[in-house]
Amino acid sequence: MDDVVFFFSIGWHHIISPDALDHILFITALSAIYVIKDWKRLLILVTAFTIGHSLTLVLSVYDVIRINNKLVEILIPVTIIITALFNLFQKNLDQKKIQLNYFFALFFGLIHGMGFANSVRFMMPKGDNIAIPLISFNAGLEAGQIVVVTIILLLSYLFISVFKRPGRIWIYLLSSLALIASVQMIITRI
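Read in order, the letters of the sequence shown correspond to residues 38 to 227 in our numbering.
Keeping only pairs whose Cα atoms sit at most 27 angstroms apart, straight-line, the calculated DSS-like set for lysine-lysine is: (1) K74 / K133; (2) K201 / K74; (3) K74 / K128; (4) K133 / K77; (5) K201 / K77; (6) K128 / K77; (7) K201 / K128.
By construction, these hints were calculated from the structure, which means they are not laboratory data.
Required output: the full structure, derived from the provided sequences and hints.
Structure follows, in structure tokens:
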């Protein structure tokens, strides 16, 4: 039971902490085009991100992949920039374009997982004992993402429904903030 709590806590803090700004920005950019009625789609989307993230962790624990940390630290904000630009340059978001976000979430989850893989590799047990820690970590990660998404959806509701502002402005606002912060991250990391 201690392992469950320990790894859940690591997953939670991986999203909900000041050091997790890159993940929060990615989830924000990914969520920007959704409103509160889309909560189920958005839940599937963040789960796709968790699956990609988890796959990288498994491959790392079993030493199938090792990625240069400096490269990953640049690629992570690039994923946010791509997602934010996708949001900014879409004139009308039809279902086909929105479905591209599932690819973004899964593939970019792989990249974000690489950022944490090198440090978590040493915490995870080798062999058959990986299931409980990995499931616990992912549960914490998913719980943290759901909190972030819930906050974004509630703010979206206030902005669009209560304050009667256009949804497109909300998308521009969130995507622009994520874009600017990510460019600054790249500059800082270079």
